[in-house]
Amino acid sequence: MDDLLSEFLTETNESLAVLDQELVKLEQNPNDPGLLGNIFRIVHTIKGTCGFLGLPRLEAVAHASENVLGKFRDGEQKVTPHAVSLILASLDQIKLLLGQLERDEAEPAGDDSELIARLNALAAGEGAPAAAAPAPAAPKAEAKPEPKPEPKLEPKPAAPVLATPIVEEPAAAPAPAPEAAKPAPTPAPKAAKEPKEPKEAKEAKEPRSEAAAEAKESAVAAQSIRVNVDLLENLMTMVSELVLTRNQLMQILRSHKDSEFGAPLQRLSHVTTELQEGVMKTRMQPIGNAWAKLPRIVRDLSHELRKRIDLQMHGAETELDRQVLEMIKDPLTHMVRNSADHGIEMPSDRAAAGKPDTGTITLNAYHEGGHIIIEIADDGRGLDIDKIKQKAIATGLASESDLAAMSEQQIQQFIFKAGFSTAAKVTSVSGRGVGMDVVRTNIEKIGGTVEMKSQRGKGSTFVIKIPLTLAIVSALIVECASERFAIPQISVIELVRAAANSENTVEWLNNAPVLRLRDRLLPLVSLQELLRLGKRTEAPGETFIVVTQVGTYTFGIIVDRVFDTEEIVVKPVAPILRDISMFSGNTILGDGSVIMILDPNGIAAGTGEITVSENAKRAADAAGKTGIRSDLTSLLLFRAGNGAPKAVPLALIARLEEIEATQIEYSHEKPVVQYRGKLMPLVTIDPNYQMGKEGRQPILVFADKEHTMGLVVDEIVDIVEDQLKIEVAVDRPGLIGSAIIAGKATDLIDAGFYLTQAYNDWFGSRSDGEFDREKGKRVLLVDDSPFFRNLLTPLLSVAGYEVTTVESADRALSLCEAGQDFDVIISDIEMPGMDGFEFASTVKSTTRWQNTPLVALSSHATPRDLDRGRAAGFSDYVAKFDRDALLHTLAEAVNVERGAA
Amino acid sequence: MSKDIGVDPRNKAGGIAGDQHEFVSITVAEQLFGIPVLQVQDVLGPQRITRIPLAPPEVAGSLNLRGRIVTAIDLRTRLRLPPLPEGQNGMSVVVDHGGELYSVMVDAVGEVLSLDTGMAERNPATLDPIWREVSGGIYRLDKTLLIVLDVARVLDFSGRAEAA
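Taken in order, these protein sequences are the chains called A and B.
Numbering (the working numbering) for the first sequence: 893 to 1793.
Numbering (the working numbering) for the second sequence: 84 to 247.
Mixed in with the good hints, there may be bad ones.
[What the hints assert, rightly or not] Straight-line Cα separation of at most 20 Å, EDC-like style, residue types lysine to aspartate or glutamate; simulated pairs:
id, chain 1, residue 1, chain 2, residue 2
1, A, Lys-1463, B, Asp-179
2, A, Lys-1279, A, Asp-1759
3, A, Lys-1221, A, Asp-1122
4, A, Lys-1463, B, Glu-183
Worth flagging that the hints you see were computed from the coordinates, not collected in a lab.
Excised from the complex, chain A in its bound form (with noise of 0.2 Å):
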């Protein structure tokens, strides 16, 4: 049996072990995110792996069953143990299959179409508790007799390897073996004992039911013997004391020259050294065994993908700890899969780019430092930043302006959060975005890191390194106020000491320690305030920085001082302190003490610092706030003139300021001030209202393109995130209605009519601009809001749009009807009676309009309501407010629909 068969095979027996317990799990708290994920996982590793060996009836089986878990995964459908019977069910075929597979090496013939029709109608959210009865297509794949009498032989699937040769003999005979092999244990010492007794060999055939249903206990597993990983590791975790209590013996020794000890402790000490290399060496395996099968998964990714790979593969003999190997394994697998899915272009691409033809993705291992260092490299396309952001945006992981502040690397780190693929359609063989974050989770559970540079055109290089093993590691101890402490040696990438006259020195932003270094500013971390050992007396004469690294994010954190590195255990700390997240363990030091272990991901995180790990976090906080967020809106409140307090959306404002009441001019009688070098009117809530003739005097000043505008008030008050409820329209221009805003009555100013007073051309000025060529384009504005539309129409009136509002969903088809015209249509979604979606593909679907592009409007801009808005015939979302992006967004749509007429 061809390697990578046999390893699938005890792969995915043992995956399918986990399933099932894991299954049950989850029957009794079908809310476990976690759990789910965790199976959703193994399902999508099995059937990728079936995809890759070529297994359709397998793959598709997963497939389904996949299906179904991403529906409970997102919430779109209840975990019911008719789900989950039914899932074990398409389980218990997939095993079935996986024990044909094994004993005829190749997938058996069968339909399992109607098992994969109930998953799909579950995914499909149609439940049918009735059919609840084991998987029918099993008994259907196995009734299926086997006419040809397979020239090789039966016995096989005791011992595959074993018995092949022995067995041959009897394949001549006669046997029309028309059934199976019994199941794994007892044939296998039969047929080896007696490979040329027929008799044997037609006993140990068992009609293929039991086979069948025993099909279960895989005999590719019971062949070699697997020694437990709990273990190894126990054993390793014994040497491991066993050697430091080497060390403090020869600690003690030392003290005590000439002792009758030291002879037999020279030689404990010699044994312990070799028992410890013995026990190391047992689990070491050379990473190429990681890499056995890569060569054929790319070989068969460049046939289906129709691209021309080169996998190039350095440093196959280097070796690393077993039980690294294993979880570096899949990570590995899924990076080089990606990068030949994602990364090589077609060869007809890189032709026009001016490559060669045939991408080359390189592996490369080696040691360094008592890590292994990893590296995957591929001459592709690089990542596409613009995709990125995009998505990005779209998954509400950043806002525009986050983006815009983060540097390209840190916009690249987006790729290892859950959920994100840029891939735009889920495939088989990835886009559903699981992947980066299992592959960085998977590595920095082992203590690992993952870092990776693209560069757009030439391609990107992921870089894992990881401990060599996970027993020992190598720490620095330090001490601050008196207490030592551990930091893993992988984090540490210098230490600098800082005194106040030496060249390093450190420096205050405010209360904020940093240090220059190398012409860099370092963020510097007090371990004695994040650890609150009490605050420093004195200013101490010299302090050290231990710069430490997490992911892209580098620190410094201050300490008293710096002993010297130590091998430690690394140990989990107590249950009871397992909250605490600045350390990742405890270990005893060779005098014997305790010492905490730090836990640089969790200091980097405690300093506020957003890291990639962290933001999968805030992400899943986010995604559960979005439900309330949604309603939200960021407000200014002011006070201008008598009356109630008045708020303006924040996202209207382009600045705030504060001018000298002396710098304000008078021209045509009207108040300007000179502001940026131009002449800046200003507009006043109440016409009758009076200026100050001195002070400063506070303005919100509105700007777009060329111009801007300042509304003079007395006092800003407050920025408030609240619900928009506007509780009393008011027929006053300038109002658009009153508001409850944060527990006052306050008074909502409609901004387009004081851009209005400002420039009575304001509209009309737009001649000229960016937005010129949307100059007398048609816009439906859809929404039920009289607030949005009163904010909407003036900002398109200014970006040159001709406007037309409605406040429903029927009264736009209406429009429609009347035969009315649009370039462009822009839909709420949330509206009474018919909603948005539900416009979007009348629209689509029925009407004259069905080639106008629409644009979706909503606070709900998750991504799923993103691919629902696609769905329901939506060009593109906007969230409320962002009124840039929605310009943009029409600019675009008409623009795509100018293209396309």
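Position chain B relative to chain A; hints supplied.
Chain B only, in chain A's frame:
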């Protein structure tokens, strides 16, 4: 860890009259407590303890007990009592809980008492809530009263540990 929580502590102390139960007796601020003898792994004198920053106040730190890391819990802090006066050395009782070792720091450790369950009483309703939390019942001794220390609850600082 949560396994012990649901169990009525009186069952541990024995519910049937006439049974004998053995307790390691300890004193904290003049009050006699008992820890079921089977839970006790070790009794220690003063130890070198490593402080654990950011840990709950009840956690005094961790110590090395023959190669195992043991988390030290200060029973006085746990019971909201003032710390032991300066210069007075306490002792510790090491207990196993859920496979982890904890060292409960007390004022003094006495002998092992074999007590008849007939002497057991429920917690009086008037007992301070914090004390009631850790008490698995009372035994009437001739001269004094003994509170059975429910180790699981001692280690559960207002539900925080269970939640974690």
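Going through the hints against the structure:
Between Lys-1463(A) and Asp-179(B) the CA atoms are separated by roughly 17 Å; this keeps the pair inside 20 Å, and the hint holds. For the hint linking Lys-1279(A) to Asp-1759(A), the alpha-carbon distance of about 16 Å falls within 20 Å, and the restraint holds. This hinted pair checks out: Lys-1221(A) and Asp-1122(A) have alpha carbons roughly 19 Å apart, not beyond 20 Å. Proposed proximity of Lys-1463(A) and Glu-183(B) is supported: the alpha carbons are some 12 Å apart, at most 20 Å.
Going down the numbered hints, you'll see the structure goes against none, and every one checks out.
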